[in-house]
Structures are given as C-alpha cells and as structure tokens.
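Student: Add chains B and C to chain A, keeping to what the hints say.
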Amino acid sequence: MPEYPQIVFAGTDGGAVLDLDAYIESGGFSALRKARAMPPDDVIAELDASGLRGRGGAFFPTGRKWSFVPKPDQLAKPHYLVVNADESEPGSFKDREIMLRVPFRFLEGCLIAAHGIQSQHVFVYIRGEYEREFEILRDSLAAMHKADLLGGVTVVIHRGAGAYICGEETALLESLEGKRGLPRTKPPFPAIAGLYAAPTAVNNVESITTVTPVLEMGGAEYAKLGVENSTGTRVFSLSGDVVSPGNYELPHGISLRELIYDIGGGVPNGRSLKAVIPGGSSTSVLTADDIDTAMDFTSLVEAGSSIGSAGVIVIDDRCCMVQLGIRVSQFYEHESCGKCTPCRVGTKWVTQILQKIEVGRASQADLDVLLSVCDRILGKCLCPLGDSDAIAVLSYVDRFRDEYRAHIDLGRCPFDGESSLEGIVAPSAIHEHHGHETVRA
Amino acid sequence: MTVTAEIQKLRKRYPDALSAVMPALQLAQADNGGWLSPDAIREVADALDLTPAYCLSIASFYDQYYLEPVGRRRIEVCTNVSCGLAGAQQVLEAFERELGISAGTTAEDGAYTLGTIECLGGCGWATVVAIDNRHRLRVQAHDVPGIVEELRGA
Amino acid sequence: MSSGPELVSVTVDDRQVAVPKGTGLVETALAAGIEIPVFCYEPRLGPPVGACRMCLVEIEGMPKLQAGCTLTVTEGMVISTSATSAKAAEGQEATLEFILVNHPLDCPVCDKGGECPLQDLTFRYGPGNTRMSFAKITVDKPIPVSPLIALDRERCILCYRCTRFSEDVAEDGLLIARNRGAHTEIATFADEPYRSPFSGNVVELCPVGALTSTLYRFDARPWEIQNVPTVCTGCAVGCNTSATIREGKVERILSRNHPEVDRGWLCDKGRYSYPHLCAEDRITTPLRRGPKGLAEITWDEALDEAETMLRGSAGSIVTAFSGSETTEIAYALGRLLRAGLDAHSAVLPESTSDVLEAFRLPLSGLAEAEIVVVVGDDPVVERAPIVDLWIKEARRRGAEVVVCSPTGSVPTAPGAGAKTCRELASSRGGLGTKLRSSERAVLIWSGPGGGGGARIAELAHELGFESKPGCGAFHLAAAANPRGVALGWAVAADADETNPEPIELLVVSGDEAASNPDVRALAEQASRVIVLTMFHELAGGWADLILPSTGALERDGTSMNLEGRVQRLRRAVPPPCPDELAWISKLASRFAVDLPPHFPGVFAELATELFRDLALDDLGPHAPLPTRQAYVAPEPATTPAPPEEAEALRLHRYRPLFSGPAVERVPELGFQRPLRDVELSPADAATRGISNGDAVVVRSNGTSATLHARVNKRLIQGVVRIADEHAGDLHPAVDVVKA
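If you read the sequences in order, they're chains A, B and C.
If you count by my numbering, then the first sequence holds residues 538 to 978, one letter each, in order.
If you count by my numbering, then the second sequence holds residues -9 to 144, one letter each, in order.
If you count by my numbering, then the third sequence holds residues 2 to 740, one letter each, in order.
Chain A on its own, in the form it takes in the complex:
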C-alpha cells in the first residue's frame, strides 16, 4: 500500500494530539500566526488558491463562501463563524475522528477562519451524541484559553440534541438560536443574514481543520494534491461489508477499487461486492461495475452519483436492496423536520410502499407509484432532506430493478429471510405513535 500524504491527520502517527504543548512543539499555531499577520482578504485568497471545497457534502468552494460575507464596513453587525460539527449522515464518521485526534488543528482552523471573515465569535455546533468529542473540544479550548491563544475571539461549543436536520446549515442556525431545527428559505443566504440575522459563514469540521494546513503549506501547494476540481486530501469514512472499516485520509481521485480492496482489505468472508454508497446515505448507489470510479467530485457525478460527505458504505451480496431502501427511507422519514409537505408526507409514503414491496404484496402499479412519489418529492422540498430519500431510493430501483421486480413477481422477498438487513428495527418503527401495522423489513 503506498504512503499517502497526511494533511488533516499530519503528525498524529495514527494516534491523537491532545496535549497543547505537544501540538505547539510540532508547529501548531504557526498557521494562525501567519494568518493573523495577513490581511483577511489574503487569507481568503489563500483558500481560493487551495481549491478547498466544503467537506460536509455540498462541495462549495470555501474561499468563495467566505468572500460572500460582507466586510464589517459594509454591514455593521457582528460577524459569526459557525462550525457544523453535527455529523449525522449515515456512513459518515470522519469529523468525529478529526475532533478526537486533532482538536487543536481544528480549533486553530476556527481562529484562522474567524480572522478571514473578520469575526470575533465562533460557535461550534456539535451533535449531542458526541460526548467524548465534546469533552475533548471543551478541554482543548480551555487549554488554549489559558495559553492566551484565542486573541479575543470567543468560541462557544453548542451541543445539539439529536436531530439530523440540524446538519443542514440553516436548520443548524435556527437550532443555535434556540428554535426548532427547521430549515430556512433561501435567500437570504447565511453569508448575509445567518446567525441572529447577521453575516455568518457556516463550515464543516473537516473543511475548517483543512484550513490550518492550507495556511501552513500555502494554497497553491495544497492544490497540487488530489485532482482537478477536487484538490487536496479527503478523509474517507469506510464502513459496511469491508474487512478494515475506518477513516482514511487519501487524496481525491483515488479509485473506489483502491479504497475498498487495497486499503479496506476487500469484502470479507468471500462474499462478493454488490453495491457501494459512495458519499453517505443520501447519494445514489453504485454497483460492482462502478468499482473503477475515481473518488472525486466530477468522476462521481459522471457515474451518476455524488461524493457527498465521502462516507463509503460497502454492501455485499447478502443484502436485499428493498430492505436497504426501507431502512434508508425510514431514516429520512424519522429525521424529516416536518416543515414542508413533500418531505414530511412523502418520506413516510415511500417507506410504506417499500414495505409493501418487501412483504410481496405489491404490484407493478405500486412500484410505479413509488417512482412517481419520489419524483414528486425530488426538487419540490424546502431543503435537501426529502431529495436525499428520493435520490437514494430512485437509485436503488434504477440499479437493482430486477431485484425489485423479483419481490413483485415472487410475492415475497427473494432473500427468504437471509438478507443482512433482515428484520432490522428502525427508531421510526418504534416511535410510530399512531398504531399502524408496522411491517418489519
């Protein structure tokens, strides 16, 4: 296995750097010193040069995002940096490891970003389920405060309380303001009217952590890593039916084959690869035929999917794709905020039709309705959550149509109770208040 440059996890040797002195000794906070000596616009220019794009899933250029934040003399309101540490996309667990292993690099990135957008206030919105990660950030921050490294910037770590939707940036802002996490309509965009209706940049943990090395090595140098349009490294989260699951920092453009077989050790127990979800559960599924797809933005779009949050879920031939659809749809149904109609109603309806197919009571007409309902969700919702369900389910039907047809034709699940997701109980099934018949997948 070749050695890959470690940028986000540099200097960790596979472990964690939780001691401030050790971090400083290894060159920590030199990027912050460098940044603070630069005019804020030069920091943004450095990010532009790096080609860094958002690691949360939307892949929006980080420098450009910051440049949308008005200068203080253009809009005399407090400016905010909000870091999205609400990582909850099934398949994605990289931000967690970043906070666990390089908390200071992350917090240094926060301060550099704050300088770039001329903000004195940083909020880190961390999902409530991340207890240990919260403690590490809290302690790291306290150490930095003691060492007088904050430079007058306040950093507040705000804990979520269990709502996937708060990973959507405007829902996150609502939640941070003390409201229900309902996405806002855009415009206005957060850059203009974000937290407390003030100019706000919202960035993902990995993006912010990458800001530190970008400043250290220079944007141009960083841009040499990876491939065109997808510069730099990416922390890929590898999970599912693979020998060595885990987070791997690799340059963009590495092939799915290298990732799963060379790095992940392949599919265990002699099973064969059936499908891969390449970028978290909201992305279209790929099949074994797509194994040579390069893991970068453009290549994945060409393959009909998306790099998303780079959470790669490997699925072997034991898994029933209708059950996969049910489980994914149950997730989105459970996490729908309930604000807009198509998502609130549609995600539940999609689950119901899939359950009908799974138990063998569906006809072709039901499958047609399923596709139509997905179409009627797609592009009609207030935020991407509903779309995620529709995109995922449409892709399962599209790529595994024969398996869906088989359920209908056989009048039962062709896996005969042997699917790897057989009987899995989702929270939405437990939380069903209204006494419907609950069909176990």
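Some hints could be false.
Derived DSS-like pairs (lysine-lysine); straight-line CA-CA distance at most 25 angstroms [to be verified]:
#, chain 1, residue 1, chain 2, residue 2
1, C, Lys22, A, Lys723
2, B, Lys(-1), C, Lys714
3, C, Lys714, C, Lys739
4, B, Lys(-1), A, Lys716
5, A, Lys716, C, Lys393
6, A, Lys614, C, Lys435
7, C, Lys714, B, Lys2
Keep in mind that the hints were calculated from the coordinates and are not lab data.
Tutor: Same frame as chain A, but now just chains B and C:
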C-alpha cells in the same frame, strides 16, 4: 448550584438568551432523572422568560430530550445501515433477551430503557451501542451478556 | 428626481406587469391578474416560510420549481404558473396529493366545507383521485385547544399559520408545534387552554377545518349565511368586523381587515361575546316597578310612564352614559333630555381629549414607528388589545418600546403618568432627545386620568409632533365611543351643565353604566330611576322603569374610535325590541322636540354639527381618518395629592379586557377572565414570606379579600395589582398576608 442559577450562567454565553434553551433543557433533564417532566420544563421556561409551551416545542423536536420517564440506564443500539450490515439487529435482540424487555420500552423496575437509535457516527466501528450517551464500539451479539452483567454490577 | 418606487418589469405566464422593486412574487402575479395558490403564505404573519409548497412556479433560468411565496421579483423575471407550465402544474398537483394523503376528506361534516381553501384549491389544482393505499393517520379528535377552539389534528395540513400567529404576532408562545416530521402536531403545553386574548384569530387563519370555533361548530353552512359588515364596540379601537347571520341570528363574528385600524386581527372579546344577545336574562319587554315588584308593561305604557317620570322631575334629572352607545343614541337622548327637559347634567365615561386631534395618526402608523412610549397605569392589552399587537409589530420591526407603568420597562408607580410626561417634556437627554429627534415616534396614554390624553398631548406638543406627520399620540379610552357620546350629548343643546341636588330622576343609559358602582351609588340618591339595559340582572333590583335596549349588533349608527375615526355600525340582526332612536323620537315629540326616528336622519343632523358635513357614504366600508386639527392647549392638569407614604402596599386595580356585562354572559369566555390573583413584586412577596400560588389575604380598613399570590417579576415594588372584579371594596392602601 440550582438549575435556575446555572441557566442564568448559560444565558450569558450567547448574544441572545433564547440560544440557551437547548443547554438549559439538557441541564434540567439531567437534574430530573433523565427526563423532562412538565415541572422541569416549567423551571426552564421561568428561568429563560419563555413559555412552557415554547420549551415543549423545542424539547419534543430533538430526540435526546425525553418527555417520559426513562430507565436509570439508557441503552440505545444503532440500527442504521452500516451497523445493520454488521449485525445490529442481533445485538438488539441480545439486549432484549438479556434485559427481558423489548426495544422501545423501559424495564418495570425503572432500571433500563432499551431503544434503537439512528446513525451515531460510528459506522466504521459497528455495531455502536450508546449507554447513557457513551458509545461502545464494535459490539457483537455475543458481547451483550457481558455488557449487561457489567451494567448490573455497576 | 424620480417619484415613487423603482419599477421592475416582469412576465407572468403570457402577461407583462410592472411592479415596484421588491414586490412579492405572489402579489406580482396577482397584479397581472393571475392567482398563485397558497396555504401557508400569509404576509401578516411575517416573513414567508415556504412550508406548504402549494405555490410552486417555474422561473426561467432556475432548474427547479420555486416556492413563489418566498421570492420577490427582479427585473426581467419570467414566471410560469400552473396555467402555462406543465411542470408547475405537476408540482402543485403533487403538493395537493401529499396534503391529501392524511386529510380525512370529511368535508360533508366539516364546518369549513364550502369556505375551505383546501377544498377550493383541490378542485382547481388537485388530482381527481388518490394513489395512497395505506391507512391514513388517525388520532383522537377533536381536541379542545380551549373552551373556544376545537382542534382536529387529522384535518391539519401543518401550514403553521396558527403557531406563527401565536409566536410572531400575538407573541404569546402558547400554541406550538410539537414533535417532529410526520408526528408534528399543533398543541398547547400540558393540555392547558390556549389562553390568549387573540386566540380566535387562529380559527380564521386556518386554511382547513382543523381549528374551529366551538361556538360556531355545526351551526351553519356557508351557503345559508350572510355576512354583515359592522364595527366592534368592545373597546375604543373599533375593529372592523363581519357578523355572520343565519335565520336572523348572529352565528359568529369575523374580522374585516381595515389596514389602518386592525389589519384583520380581532380580539376574543370582540369575536366571542356575541352570544350575550341571547343571554337568559335578556329583557325584551319594558318593566315597571309596582307594589308587587317589577311587572311587564307594553311599550305604549312604558313611554307614558317615562313621560310622567320625566315631567315630574324636570330640572333635576341626571343622565348616566355607558360610553358604548352610538353617537346617534347619545345625541337623541341629549335632544330629549336637554332640549326637551333642560336636563343638562350627565355622567359621562372617561373620554378622549379633543387636543389629540393635532397628533392624529392611523393606528397602522404605529407599525412604522421607531420609538413608542406608553404611559399610564393599565396594560395596553386590557384597554385596547389590537393596539398591543400594533406595538408588538413595531418592536419586531426594530422600534424601541418604552412602557412607563407599574409593570413596564420603566417601572412607574400608579398615578405617576402625568409626572412622567412632564419629565419627558423637559428631558434633554436619553429618551427625551430620542423623541425630539425622531420623525416616527408615537406616544400612548393607557390608563385612567391624564385628562383623557391631554397630558400626552402636552408632551407631544412640547416635542414638536404637530409638524411631524409620522409622529402621533393616542389615548386608550376605557369605553368604545366615549368621545362620540360626549360630543353627541354636547351638541344636542346649547346650555351649561347644571348640578341638580337632590336628584329627582336618574336616567341610566346602557349596561356598562348600569353595572358601574358609581352610577349605582348615584341611584341611591335619586328618587326615581329609569334604566335602559339589555339584561334583567343589571337593573332588576333598583330600577323603577326598565326600557329594554338593543345590542351593538342590532344597531345602525356610528361610533368614534380612539383615533377619532367615525365608523359605521350596521344592524346585523333585528333587535327583539324597538330601536332606541325610534322610541326616543316618539318620546321627544311629547316634549316638542323634533327628532328623526331613524339612524340616517339623526346622523344627517349630527353630521352638520359634528362631522363637518360628513356624508354617510363617505364612511364607506373602511372609514377614513379625519385630518389633523391645530393644537389648542388643554386645561392644565390639577396636581393630585401625593399618595400617603405608609407601610401599606398600594392597590392598583384595573379593569380587565375580559369583563363587563357581555363577557359575563358567555360561559365559554370564562377561562379568559382574570384569575383570583393578587400580583406582588418579588421583593414584597419575599418580605412577607409569600411564594407564587400561595393563598393570601389582602386587607384594608376593615375589608379583605382572599386571593392567590402571583409574583410578577416586572411589577414595581410597593404596589399590588388586582383585577377590578376581585378587588371588591378594598381601599387604596392594603396589606397582604399569607392565609
């Protein structure tokens, strides 16, 4: 320090005191045996000059606020895709067997609440089981008797 | 120099339209004569939320359908609605299909049926059938949100109009969305009632039959009702309303948006007190006290009796008004009593000073204000509830709102309002400076005293408000039409008031006067009493002659609101007894006073005297606001004696919004009436060892009341506050001890 006094401290952390409602609810819940009773919600509302109804609208939106009593230990098994592929359902069923309760319920003696939970962000370390919000990683069905024994002993 | 706002040119379907830059897309389409259907969109509730997705349209250059309600138009925008875009039509049909997935389609038994936006839009934009083959969500229903409102959660389409009203307009935070996703539902806390003075607005906002009025449920169908436009006389705001009539009976009251007065909001007193028209103790036949007590007599007999009583008392008659009469009734009584009998003495309710005409502003001007100062003892919401909503809107738009009252942002002792005004007038720093330099500042007097707003007028004059059209001053009178009544009485004859002693005859006009303890005290002194009232209970014990009166919904007339706007009441239902103007005219003719027996005639006489030849048609459906008048310095204030410094607490009693003869006759409004509470400041409670909810005894000079303590963080120390109806005979100095 009383919950009310701690909430007053929380308020100061934010430019707008409304932002303190989530941490305030967390405090009140921890102080009230792990769930938010109507009185616990009223206390938060009073401390933040909000209505209890507003606080309920928040508390009922997020999964980690409990509006009904929960067991002294809360066991939540992630059953999302990656954990599911790794055998989460078998882990869940093992807990059901060992604890003698079904998923989504609390033991009659109030010792345990068992549930499933959506993705905990530990897909590479499946199956993830959260016990009082602390994550056990790579849990397999055969680990469950030991975990339950440990919980009983604690 | 450009005049007016910049216009942008937009294409909607095949039509071109030019609208001011920043106009909403839905409004732009409307300007082009094209409807974009909506459910959640309601501009009065604040910024659009884009929740229901009914308004999906296609916009050139945008790949996805857009929620039209969330957008404002820009130059050259090309919009295709469902009329021309198959994609938009499919999107709207999709939305309706989703909405109907869980909707019970119980239209035949739903109150909303026939006037239901969901029904209408489904008919026009929806699918003909459903592809949903699973069981709909079913839940318990209806849930009583309050004694006034029933919630059917199955019908709810989660447009969040009601919760947005609660949170963003009334700002009461009581009606909420609970849970998440498909489990989201409208709720209150712990099944407590939605106890907001404005709760009924959510019924009107609901675009489906989810929130219905318990007083209206199952009573009428849209095709068998008529709506009569009239004006509320529940307070001095004069909200425009529609009375829904079925078979000669008022079935409900709806708001009727006057953009300058009420913006389409209505308080629950205005909305739900109408059942008092059918109260059990309603009197429809005159009553005369005889040897065996009160006995029914005919109207002819009653008028003979009244004539006899009046003739026998000439020279020593006093008339007590309610302040809710139409201006025409006050004028007619004035003509009868003053012109016919030289009885110039009247007890008039607290009125509004004419001086305020120099600072006239529509109430909607409040929303534009950058600073609002409220002075006076009473909470605005108890006196003029809609003004409270206007103030809240001003604050949401960024205005600084300063309240100088016992519970205000500037804690002020009761009775100190005039002093506050003088201080502000002479202030050269802080608030005084801000008021002086502002082009959009509003002053409000909310409470008794203050010369009916004269003190606030002096302050406005001192601050130079006459020359600033965006600045204004209001007095929130306690009655609905005190100024109209005073003016009507004043112009009826040209003579000075006399002070008869002893009183031979007291004429009591209306229910508020009949239930006023001061009037009752006067009756004790009078030899004979005539009472004009709707309710037996109010006068049965003490009147010698009771003449049944009509309710506001049974009257034609005018009423002058707190802005000085003359608005028209229309008779919604025929009264069960003769109209006041008819019998007063008859009676007046016996004293050689010629008076038209009907509203248009009386109004015509009045108009020449009072309203600068205003014609009835000028009032229109939405009455205009008269122009400002020159400032004339008011009578100076008499300096009240300073309150005695004592260890005792000062009792501040106030008249709650939900009180009075009409409210008392509607059991469903009972929960809105004040609790048996005494409010204490935290410090006063602490020194007495009293906690929130404790039973306490409030004592003064030999009288006492047992109430519950409510610790109010905002109440000024040294003062306790009790609603009038629970304060009984308590004196101004009280002490409070634990029971």
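Student: Hint by hint, say whether it matches the structure.
Tutor: Here is how each hint holds up against the structure:
1. At most 25 angstroms may separate the alpha-carbon atoms for a hinted pair to count; C:Lys22 and A:Lys723 meet this at roughly 18 angstroms.
2. With a CA separation close to 19 angstroms, the supplied pair B:Lys(-1) and C:Lys714 stays within the 25 angstroms bound.
3. Restraint check: the Cα-Cα separation between C:Lys714 and C:Lys739 comes to about 19 angstroms, which is no more than 25 angstroms; the hinted pair holds.
4. Taken as a hint, the B:Lys(-1) and A:Lys716 pair is honoured in the structure, with Cα atoms around 19 angstroms apart against an allowance of 25 angstroms.
5. Between the alpha carbons of A:Lys716 and C:Lys393 the distance comes to roughly 20 angstroms, so the proposed pair stays at or under 25 angstroms and holds.
6. Between the alpha carbons of A:Lys614 and C:Lys435 the distance comes to roughly 22 angstroms, so the proposed pair stays at or under 25 angstroms and holds.
7. Taking the CA atoms of C:Lys714 and B:Lys2, the gap is near 19 angstroms; set against the 25 angstroms cutoff, the hint holds.
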